[in-house]
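Visitor: Residue numbers (numbering that gives the first Met the number 0), protein chains in the order written: chain A, 0 to 555; chain B, 0 to 555.
I should point out that these hints are in silico values taken from the structure, not numbers from a laboratory. As the structure is a computational prediction, the values presented were derived from the model and not from experiment. Backbone N, C-alpha and C define an ideal beta-carbon position, used for all residues, glycine too. Accuracy of the hints is not assured; some may be wrong.
Calculated from the model, a selection of chain B residues having no Cβ within reach of chain A, i.e. all distances over 12 Å [said to hold, decoys possible]: (1) Glu47; (2) Lys87; (3) Cys143; (4) Leu354; (5) Glu438.
With beta-carbon atoms standing in for the labels, derived distance ranges [what the hints assert, rightly or not]: (6) A:Ala67 / B:Glu547: 57 to 67 Å; (7) B:Asp43 / A:Thr12: 14 to 24 Å; (8) B:Asn227 / A:Lys497: 51 to 61 Å.
PhoX-like, lysine-lysine: derived pairs with alpha carbons at most 25 Å apart [as the list claims (entries may be wrong)]: (9) A:Lys347 / A:Lys191; (10) A:Lys191 / B:Lys184; (11) A:Lys497 / B:Lys46; (12) B:Lys46 / B:Lys249; (13) A:Lys184 / B:Lys497.
Number of protein chains: 2
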Amino acid sequence: MYKTDLEIAQEATMMKIDEIAKKAGIPVEDIEYYGNYKAKVSLDVLKERKNEEDGKLILVTAINPTKAGEGKSTTTVGLVDAFQKIGKNAMVALREPSLGPVFGLKGGAAGGGYAQVVPMEDINLHFTGDMHAITTCNNLISACLDNHIHQGNVLNIDKDRVVFKRVLDMNDRVLRQVEVGLGPKANGVERKDGFNITVASEVMAVLCLADSLMDLKEKLGNMLVAYNMDGEAVYVKDLEIAGALAMVMKDAIKPNLVQTIENNPVLIHGGPFANIAHGCNSVLATKTCLKLADYVITEAGFGADLGAEKFLDIKCRKANLKPNAVVIVATIRALKQHGNIAYEDLQKENVDAMLEGCCNLKKHIETIQAFGLPYVVAINEFATDTKEEVEALQDWCKTHGHPMALSQVWAKGGAGAVDLAEILVDLVEMENNYKPLYEVEDTIENKILTIAQTCYGAKDVAYSEEAKEQIALFEKNGWDNLPICMAKVPTSLTDDAKICGAPKDFTITIRELRPSLGAGFIVALTGSVMTMPGLPKVPAANRMDIDEEGNIVGLF
Amino acid sequence: MYKTDLEIAQEATMMKIDEIAKKAGIPVEDIEYYGNYKAKVSLDVLKERKNEEDGKLILVTAINPTKAGEGKSTTTVGLVDAFQKIGKNAMVALREPSLGPVFGLKGGAAGGGYAQVVPMEDINLHFTGDMHAITTCNNLISACLDNHIHQGNVLNIDKDRVVFKRVLDMNDRVLRQVEVGLGPKANGVERKDGFNITVASEVMAVLCLADSLMDLKEKLGNMLVAYNMDGEAVYVKDLEIAGALAMVMKDAIKPNLVQTIENNPVLIHGGPFANIAHGCNSVLATKTCLKLADYVITEAGFGADLGAEKFLDIKCRKANLKPNAVVIVATIRALKQHGNIAYEDLQKENVDAMLEGCCNLKKHIETIQAFGLPYVVAINEFATDTKEEVEALQDWCKTHGHPMALSQVWAKGGAGAVDLAEILVDLVEMENNYKPLYEVEDTIENKILTIAQTCYGAKDVAYSEEAKEQIALFEKNGWDNLPICMAKVPTSLTDDAKICGAPKDFTITIRELRPSLGAGFIVALTGSVMTMPGLPKVPAANRMDIDEEGNIVGLF
Chain A
0 MYKTDLEIAQ EATMMKIDEI AKKAGIPVED IEYYGNYKAK VSLDVLKERK
50 NEEDGKLILV TAINPTKAGE GKSTTTVGLV DAFQKIGKNA MVALREPSLG
100 PVFGLKGGAA GGGYAQVVPM EDINLHFTGD MHAITTCNNL ISACLDNHIH
150 QGNVLNIDKD RVVFKRVLDM NDRVLRQVEV GLGPKANGVE RKDGFNITVA
200 SEVMAVLCLA DSLMDLKEKL GNMLVAYNMD GEAVYVKDLE IAGALAMVMK
250 DAIKPNLVQT IENNPVLIHG GPFANIAHGC NSVLATKTCL KLADYVITEA
300 GFGADLGAEK FLDIKCRKAN LKPNAVVIVA TIRALKQHGN IAYEDLQKEN
350 VDAMLEGCCN LKKHIETIQA FGLPYVVAIN EFATDTKEEV EALQDWCKTH
400 GHPMALSQVW AKGGAGAVDL AEILVDLVEM ENNYKPLYEV EDTIENKILT
450 IAQTCYGAKD VAYSEEAKEQ IALFEKNGWD NLPICMAKVP TSLTDDAKIC
500 GAPKDFTITI RELRPSLGAG FIVALTGSVM TMPGLPKVPA ANRMDIDEEG
550 NIVGLF
Chain B
0 MYKTDLEIAQ EATMMKIDEI AKKAGIPVED IEYYGNYKAK VSLDVLKERK
50 NEEDGKLILV TAINPTKAGE GKSTTTVGLV DAFQKIGKNA MVALREPSLG
100 PVFGLKGGAA GGGYAQVVPM EDINLHFTGD MHAITTCNNL ISACLDNHIH
150 QGNVLNIDKD RVVFKRVLDM NDRVLRQVEV GLGPKANGVE RKDGFNITVA
200 SEVMAVLCLA DSLMDLKEKL GNMLVAYNMD GEAVYVKDLE IAGALAMVMK
250 DAIKPNLVQT IENNPVLIHG GPFANIAHGC NSVLATKTCL KLADYVITEA
300 GFGADLGAEK FLDIKCRKAN LKPNAVVIVA TIRALKQHGN IAYEDLQKEN
350 VDAMLEGCCN LKKHIETIQA FGLPYVVAIN EFATDTKEEV EALQDWCKTH
400 GHPMALSQVW AKGGAGAVDL AEILVDLVEM ENNYKPLYEV EDTIENKILT
450 IAQTCYGAKD VAYSEEAKEQ IALFEKNGWD NLPICMAKVP TSLTDDAKIC
500 GAPKDFTITI RELRPSLGAG FIVALTGSVM TMPGLPKVPA ANRMDIDEEG
550 NIVGLF
C-alpha cells in the first residue's frame, strides 16, 4: 500500500553534491567528493567565516518515544524543506546512523517517508567512514595499552583497573564481557575486558565536542584509560599516541554534506546514542551550518529528558551555542502509549488514552521551559491517526496555551511543515533566557538530582556502593567539576523502560559513573542501560539483499 | 640525509583522478570520486570490454625477504613508470595496506623512494574503506551466529565447534584467544573465541577471488562457520544473511584508482597477507587492468615460495589468468642475510656472503621455472650496496644464464627500470608453458608435498594429530578437491623464521588445516605462523603526528 522509505529514497532525483554545496554557499574547493552525492566539508569554511553572524538555532526534541521512534529525524528533515519552501535559507545538522541498529531492529536515522536524507543506502551503511575511523582510533588505544602492559609495563598499569574498552559498530551481546589475552604468554596479558558499541566510545563524544583538529588531539590525549598500581590515573597521552590518533581521525573530523529528497543541504556528522552518550551531532557541523544558513535545525536523540537535556547542558554550554527555539515532537500513538495502551493496540482510536498520555508531553514542555527557551509542539501525523484524535490533541495544546502545528512531512515532505516553519520564524526572534540547568561547579550528586527532578520528575536519586566510591574518587582527583551525561532508557521518564506517562515520587538509581575526561563530562549510568546492544531474534540483516546492479531491498 | 618516503610522496604533484582515469582509458562516468585523488572504478569497465583482448600479465615476486622487506612493491610501482617512459601503455594492480602493520612495525605497502603510489597517507590509512567493510562483513557473521545460538539455536550449532572468528584491522595480540559471552545470560552464549587480523578474514579472500557481486554473494554464503551437534557443516547461507553481507560489500568490491608519483594509473584492491592468506590483489582489479593496458604488472606478497606460488596455483587457476613473465626481485642485503650475515651487519660490504646467499635466489628461480614461466632477476639497488657487490651479483646471473637487470627505481623512479622494462617487453612475447604445480583432484597430502618439495626444497611434510583428523574430515565431507593456501613464515624457505639460505632435507610441519569453502581453498598452517600479529615494544604509532593543517609526520 505505502511505499517503503527505501523505495521513496530510491525514486528521489538527487542533485550532484557540488550543486548542493553551491546552494549552501560552500565553495567547491572546500568540498571533497565521496562519490557524486556525498562530500566532506573542509573546516576552512568555518574558519573563513568566523567573524560572520550566526543563523538561528532550532532544536528538535520529542516526548518519550515508543520503541519504533516518533519521527523526530523525519520532522527535522521535513522542517528544513519547509523553511526553503517559504523562501528561507535553512540547513539541517543531523547525527550519523550506527550500523548496529541498521542490522538489528530499528533501521537507520535518515528520516522517513517524503522527509528523508539521501543517498540513504550509503548514509546507513559505511557513509564516509567516520564510524570506522572512530572504531580504529578507539581500538588502537586498547591495542597499545595492552601491548604496553605486555612489553614491560613501564607505566605500572594495574591490569585489573583498565577502564577503557574496545568497541565495534555492531550489536553483539557476547562481546559485553570478555576475557582477553588467554593462551601462551606471547598472547599478552590476561584480563577481563568488554566491548561497547562504537557510538558509545568516548572518541565519538570527543569528535562531537572538538572545535578543531588540535583540540581533538588534546581531548584524545586527556582520555582516562586506566589506573596504575598506586591508584593514579593513566591517560592516552601517557601512551604517546595522541598524534597517531588524531591522524586516524583527520578525515572523520570533517562534516559530511548530503541532501534532502527536496535537494536541500544537510550536514550529517557524529552520532553518539542519546541513551548512553550525549546524543547530538558534532559541534563543528552545527557551527558550520550556523555560518552558512539563517535557520539551522538540529536534533538531539530520544525525548527531552535525554537528548535535549544533554544538548542544552553539555553541548551548548561547551560550544557556547545559543539556541533560539525548540520543537517538541509528539505523536498520537506515543501519547496513547503514555495513556497506558499496549504497543500492539496503538493503531486503534482512543482519544481518552491519548489525552491521559498528554501528561508526558506536559513534562517535556516543562523541561524546555526550565531551560528558558520558547517552544512549539509539532504533532507528527501518522496515517493511523484519526481526525478526532488529532483535533483533541490540538484542543489540548490550545487550552493549555502551547504553540502547536501539525507536521505532515512524512506524507507531504516540506509542504507538510510550512505552518510549523512559519511559527518558528517568529519564535526565534523572541528574546530568551536560555541557561543550563546547573553549574558545573556544583557537586556530582546535586547536578544529577537537578536533572532527575527537573527533567524526569523524580523525587530523589539513589547510588550503588560502586557509584558512591566513584564519586569520592572523582572528587579526590578533581574530576567532579564537569557536566553530567546521563545514560538512561529512552522510553520512560524513569529508569525502568516499561513505566509510561509522567510518574512522580520515583527514585532514579545510579549504578555506575564513568569519567570521560577527554570529552569533558561524567557519564552516569542508571538502571540497567547497556553500552553494547544485542540483536533481536530475527535481525533486520536477514531481510536485506542486493542484486547485480546494486539495487538494495530490505534496508528498511 | 635522505628524504623519507612520506616527504617524497608529499612533494609529488598529483594529477586529478579524472585525468588519471582518462589516461587509463576509463570513462569518467565509470569512476566515483573519493576526494580529488582517489576513485572507485565501476565493474562496468570490465563488463563493457569483456570481448576485448587482454594485455600481457607480469608478476613481480622476490627471494625470501629480510624483516624490512626487499622493495617488491617499489619495483612493481617503478616498473609501470618505466614502461610508460618507453612509450608502452602499462598499469599496475597492487594490494591494499593493512592498518595493523602501519601502526606496528613495517609501515605501508605503497612503494618507496621515487617509486610510490599516492596519496600515500590516505592509501595507508582508511583509503576508500574496503578494509573496514570487510571487518564489518566478517563481524556481522559472528554477531548473527552467536545471536542465533543465544536465541534458541534452531540450527543446533555446537558452540564448541564454531570455526569462524571475529576480526579487527589491528595488531592486537590479546585478541588471539578470548572468551566471549561472560556475565549474565542476556550476554549470550559463553564460549572460547579469537580474533584474526582483517586481512586474514576469509571475506578478504572471497573479495579477492570474486568475479562479480553475485559471485561474491554466493561465495560469502558458502563460507563454513561451524558444525552442528551432529557434526554437520553450518554455512553462512544457513544464517540467511548472505544478501546483507553482499550489501555491506557493495562498494568494497570496486577496485580503487590512484596514481604513481609519475602520474601513471594504479589499481589497488584487496590485500590478503601472503604469509597467512593467498596474498594477491583482487581478480577484478587484475582483469580490469588487463582490459585497459597492454602491460599489466602485479605483485604477490613475500617470496616466490609464498605469494608467487599462491598467485600461480590459486589465483591464476581460479580466474583463468595466463601470466606472461615473472620478475624476481633480489637485494644484495637479503642475499647477504641468506649468506648467514646478521640483520645488524647487512650494511657492510661482503661479496662472499652475498654469493653464498645466491642459493636462495636460485631456489626461487627454480620455482618459477617449475611453473613454466620466463623470468628476469631484478637487482633492487640500495644506497648501501657497493659496486663490487652489485657486479658480483650481475656476474653470478650471467654465469648461470639468468636474465637480469638493475632496478634503481627507489632513487630514480621509472628511469631506474627502463632496462628491466625493455627485457620484459621481449620476455612476454615468448611462448610459455604455464601450468599450476598440482591438480586440485590430487589428495591434500600430495598437493602439500608437491608445494613443499618444489617451492621450499623440503624433503617431506609432517602432520599434527589435529591436522590428520582434519584431513580425514575434509575428505569425508568432499572438501579435499581444492587448492592449498599455505601459511608460512616469509623470511625462510622452511617453517622456521630464523633459517636462511636454501636448506635441503628439512621437514615442513602442518599444524592445522582450515577449510575456506567460500574462497575455495584449504589453508594449511605451518610451524607457529600467527593469524593475529602483535605490536612491537615501541609501535610505529608512537612516532606519528599531524598538525592543524593536516600535515602528517612519522607515517614512514
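Visitor: Which numbered hints are broken by the structure, listed smallest first?
Guide: Violated hints (numbers, rising): 3, 6, 8, 9, 11; every other hint is consistent with the structure.
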